[in-house]
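J.: For the sequence shown, this note's numbering assigns the number 10 to the initial residue and increments by one for each residue that follows.
Everything labelled a hint here was simulated from the structure, so no lab data went into it.
Do not take every clue at face value.
DSSO-like, lysine-lysine: derived pairs with alpha carbons at most 27 Å apart [stated by the list, open to error]:
1) Lys52 - Lys74
2) Lys74 - Lys62
3) Lys52 - Lys62
If you're wondering where the values come from, they're calculated on a predicted model, not measured in any experiment.
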Amino acid sequence: MDDIHHEFESLLQQAQDSPDEELLSHILAVQEHLQMHFDTEDKWMLETDFPAKDCHLQEHADVLKSAQEVVKHIQEGNMGVGRSFLSALENWFPAHANYLDSALAHWMFSRRIKKAKPVVFHKNLNTHSVV
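Use the sequences and the hints to build the structure in full.
T.: Below, the structure written as structure tokens:
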């Protein structure tokens, strides 16, 4: 998952740094990556019956739909929409990765070691004995 995230961040930065005449090709590369990225995570969620999958799947679908719409705008010459989309992705991604993706990673890890029993530490609340 971390490798996929690093690849996304790299593609996003390249797209943000690209001149307008190269923006479409970079947005298409970001879109292609997002499709692969989300397909991979969606598969993991479905295979492991991730409890929060509905919200996570919907967020992926919404981002992909936005990417498709942005491509149309860029093809019509509206580079500003493309630049705004890249900025929105840059602002959106950290929270998505830190909350939804980290929850998925934790869930997959816990499912992988499901035979292990959790260790729970209890604080001794009764420190004084009554005589």
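J.: Give a verdict on every hint.
T.: Tested hints:
no.	hint	in the structure
1	Lys52 - Lys74	holds (19 Å)
2	Lys74 - Lys62	holds (18 Å)
3	Lys52 - Lys62	holds (10 Å)
When held up to the earlier numbered hints, the structure conflicts with none and fits them all.
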